[in-house]
Amino acid sequence: MNGAPILAVNGLGKRFGGFVALENIALDVATGERLGLIGPNGSGKSTLVNCLCGTVHNETGTVTFAGQRIDRLAAHRRTRLGLARSFQLPKPFHTLSLIDNLRVPLLYAVNARPGHHLAAAEVEARCHALLREVGLGDKARRLPRDLTQVEMRKLELARAVATEPRLLFADEAMAGLSPAEVEEILAVLFRLNEGGITIVLIEHIMRAVMSFSTRLAVLVAGQKIADGRPEEVVRNPEVERAYLGE
Amino acid sequence: MRTSTFSIVAFAIGLAVIVFTRVFFTNEYFYFAAYVVLQYVVLSTAWNILGGYTGYINFGISAFFALGAYSTVVLHKLPELLHDTWNLTIPSIPMPVMILVGGIISGVIGLATGYLTLRLRGVFFAIATLAMAIVAQTLIVNWDYVGGSRGIYIIRPAMAPLGGGYIQYLYSLMVILAVMSVCIARWIERSQLGLGFAAIRDDEQAAEAGGVPTLRLKLIATTLSGALMGMAGAPLPYYVTYLDPTSSFSLAYAVNAVAMPVIGGMTSWIGPVIGSILLATIQQLATVTISSALNLLIVGLLLIAFVIIAPKGILGVVEAQQRRRATRLANLAARPAQ
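Those protein sequence lines, which keep their order, are chains Z and G.
For the record, in the first sequence the residue sitting at position 58 is 58 according to the working numbering, with numbers rising by one throughout.
For the record, in the second sequence the residue sitting at position 312 is 312 according to the working numbering, with numbers rising by one throughout.
Rather than coming from a laboratory, the hints here were simulated on the basis of the structure.
Beta carbons are placed, not taken as given, at the ideal position from N, Cα and C, and that holds for glycine.
Some hints could be false.
Said to hold, decoys possible - Partial pick of chain Z residues on the chain G-facing surface, computed with a CB cut under 7 Å:
id, residue
1, T55
2, A75
3, T79
4, R85
5, Q88
6, H94
7, L96
8, P105
9, A109
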């Protein structure tokens, strides 16, 4: 770790009826880190992100973000504290133009923070800057339905970044993209991290995970089975068993 | 146009319409018919604040509307009650105050309903609002003070405050209410609140992730929507002069108030206005030329036609045409000169 933990998860558990989705998860994320979170389908990665971002509530354990307990807070309050996410399946505001898609987080997340008030012109300027940053500058007035899949992923990231987060969960931001498009998204994520945003990358594309992550955590059947340097984790026999079988 | 300018212009037009009609229209039937059209402008605009802007389909319209009407019944009987109980004499309560009280009561009920039901979504929310209307109707049926199941007669005052007949006065108030509700809807649409509503309508999880306090915004929508419905219902006892639960809680109010924005277009304030003027006028014309029983049949047929042919309503058709024209012009501009 290269700094104080910005996120600390202890003993986190979540059940759906009789199904144990997450059990006793402990995870620290350091400020500025690039953490890769991997695991087979159904291992609980997205449930963990949902618990941490407030989309669902954990039943056991604690979540501390920037020194503050957040596990009972509503999702929008966590966003305002600086915790953002992109969704596995892009969820654009489909009746709003791209610029309005970004205006929502700027007005509701950034402007809601104490001591922040962006004037309308400044909000507009930031929306355009963010769209340019992800390569959608010329499509500001278009609707999300006019975008290609990779552009939709970029919009999803831009909307998360518009909340001005300190920690970003990028949930399968490269799913279904071509290798060249994966590189485009990776470049955006590297730039965001260089800009000071801590990033947790949840991804199945191992090439992308390995090139991006400075640390790797592995979930299998709702439990964390490995956590460490990427090159060590992928050689961990338990991880190999989980991915390749006995 | 800025919201304040729009509101000033809209109220000026409203006043001009009141003056013009009251000077040039002497037939009382015009006022009876126009009142109904304007009432639906208010009701459909109110419904659209929740249904169109946030995507929560409310079928409990008749409850909010009738509660506004029954609050007027209570206020109408209040001077008599105070006199009989405490020998206290107060003047009869003016209609604008009754409208305000009707709005407050239905707004509070809207807030409470919202709090109880907004964790439900889609069809479950719609069913819950329908159930709420049934509960409200049952309470009124069993409340003898407001007439219970047999209904109650309300005598209109002989004198109207602005001169002319009382129905002309009610019509004038409904013009003002219609203008007010349209101004509120337009303001919402162009404000941060409207952006939040649209985010909720498009994807509630994504809205929360974007910092939108979805529950608070939905409560604002249910309260505002309920309050406007209650205000639309408040003058009803003086309009019909006989109020009973069956007609005041009629499903026809709900069907109309949903159909009008659907036909006009739900994403803009003008959609419910177009839909209600079109549909309510057709209904009024059909009532006098064919049969009043045809009203709901007309609504049903138009609704089916629009859902199949133009699911985004008249506004959707206009917007699609504008988009096609813009694309054609862009293509022409891009074509190299021959």
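Against the structure, the hints come out as follows:
1. T55: Holds: closest Cβ of chain G sits about 6 Å from T55/Z, inside 7 Å.
2. A75: 4 Å, holds
3. T79: 4 Å, holds
4. R85: The hint holds - R85/Z has a Cβ within 7 Å of chain G, the shortest such distance being about 6 Å.
5. Q88: For Q88/Z, the interface hint is violated, since the closest Cβ of chain G sits about 11 Å away, which is over 7 Å.
6. H94: It holds, given that the least Cβ distance between H94/Z and chain G is near 5 Å, below 7 Å.
7. L96: 6 Å, holds
8. P105: The hint holds - P105/Z has a Cβ within 7 Å of chain G, the shortest such distance being about 4 Å.
9. A109: Given a least distance of 3 Å, the restraint on A109/Z holds.
Hint compliance for this structure: hint 5 is the single one not met.
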